[in-house]
Amino acid sequence: MCLAIPSRIIEKNGFEATVDVYGARRKISLMLLPEEAAVGEYVLVHAGFAIQKVEEDAASDALGFIEEILRALEAEEA
Amino acid sequence: MAINRQTDRQVKGIRMMLGEIGRPVRLMEVCGTHTVSIFRHGLRGMFEGIRFLSGPGCPVCVTSSEDVDRAVLISREPGVILATFGDMMRVPGSLGNLDYARACGADVRIVYSALDALRMARAERTRRVVFFSTGFETTAPGAAAIIHEARKEGIKNFSVYSVHKLVPPALRALLSTPGLDVDGFLLPGHVSTIIGARPYEFIAADKGKPAVIAGFSAEDIISATLMLLGQMRQGRAAVEVQYQTAVRAEGNPKALALMEEFFEPASANWRGIGTIPASGLGIREGFSGFDAAKVFAGVLGGMERAGAASSEPPGCSCGDVLRGLKIPAECRLFGKKCTPESPVGACMVSTEGSCAAYYKYGGPGR
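Those sequence lines, one after another, are chains A and B.
Quick note, the first sequence lines up with residues 1 to 78 if you use our numbering.
Quick note, the second sequence lines up with residues 1001 to 1366 if you use our numbering.
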């Protein structure tokens, strides 16, 4: 029930927007979105509401962190 | 599952760390969507030495029999349209489920979004539309948003029956369960999109357990598992975020502000677990015109008269499964009297329930 789907905004009118989700079009609300999102940008949609903007190429600290764990392990193995 | 090079390295890393830790590790995935993803990608069998336990994170499963009965009673009132999410239709109550109420003539409608329920109220002014609103922090802001809209537009024929539940208080209660044996927690991704990472701090700070907020792909779950084992290996406990694309430390301030405006913490009855103080959301006093619990107080006062019983079905181990004390196969009803076609407990009803996932992916014998 708590799955949210990344969707691309294709039309925007105030707090209402039309998004494209895997090729299907859906009308959603932008009322809960904490920041502005423009047409063409991606938002996470849960039960008809955009709940967060998602950057397609979001830099992830977690990836760097994981890299560190792996390097440490591999260095010990070597 | 197709594994890319990066994930392959992580899988190797997990295996090495398990070797170093030298004992079986028990990780709880709190969220039902994680349960399904872990099964679907075969992650349960991938690591000998890790046991994934499902937690209380399927909102459908934890909706109590009593709350379903209340929704059924409301749906039987003249002029009422009861709108709810599709998953709720088959959740058993002592008066039957909402599917049965509909078959008996009640106007129960499935909606995809809380917004659809508000649309119904706008379109059918002579009817009383009640949104039976379930779910965790991911879903609650939407319910707050429609109350905000209904109020702004002066819509009078609309109310919300809130059985919303909160994840952190449930985890706090779970962590005080005697006999609970969990080494670390995979925390829900989209609940955390709303609430952020801070409300979970007590898991690490007070209880000394590692916790990682995880995304939903196989790669995400493998990365998060590696992060959890990394903490264990270093002998530390912290709340870390693997799912950085969707989760900020402060959560979603706009959604939180709307929730805060219309809801207040209320004690909530979790199926199979019992009542946990301040673990649910009730509608604030100032908005009682939109609170179905107040609007229909007369009807709900007659629960016993209507023949509703508050107890859960006999023999059902849902409560133990939801707390990670039992796996579904350890319940004597599992796969015999209780199947997805004919569920006894709510954990078998929802596709995200641990029993339904075990049945579908593990087979009744597992």
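There's no promise every hint is true.
Taking beta-carbon pairs under 8 Å as the criterion, some of the chain B residues facing chain A (in silico) [to be verified]:
1. Cys-1031
2. Gly-1032
3. Val-1060
4. Ala-1114
5. Pro-1141
6. Leu-1175
7. Ser-1176
8. His-1190
9. Val-1191
10. Leu-1226
11. Val-1295
12. Phe-1296
13. Gly-1298
14. Glu-1352
In case anyone wonders, no lab produced these hints; they're calculated from the structure.
Computed from a predicted structure; not experimentally measured.
No residue lacks a Cβ here, since even glycine has one placed at the ideal position from N, Cα and C.
Hint check, failures only: 6, 7, 11, 12, 13
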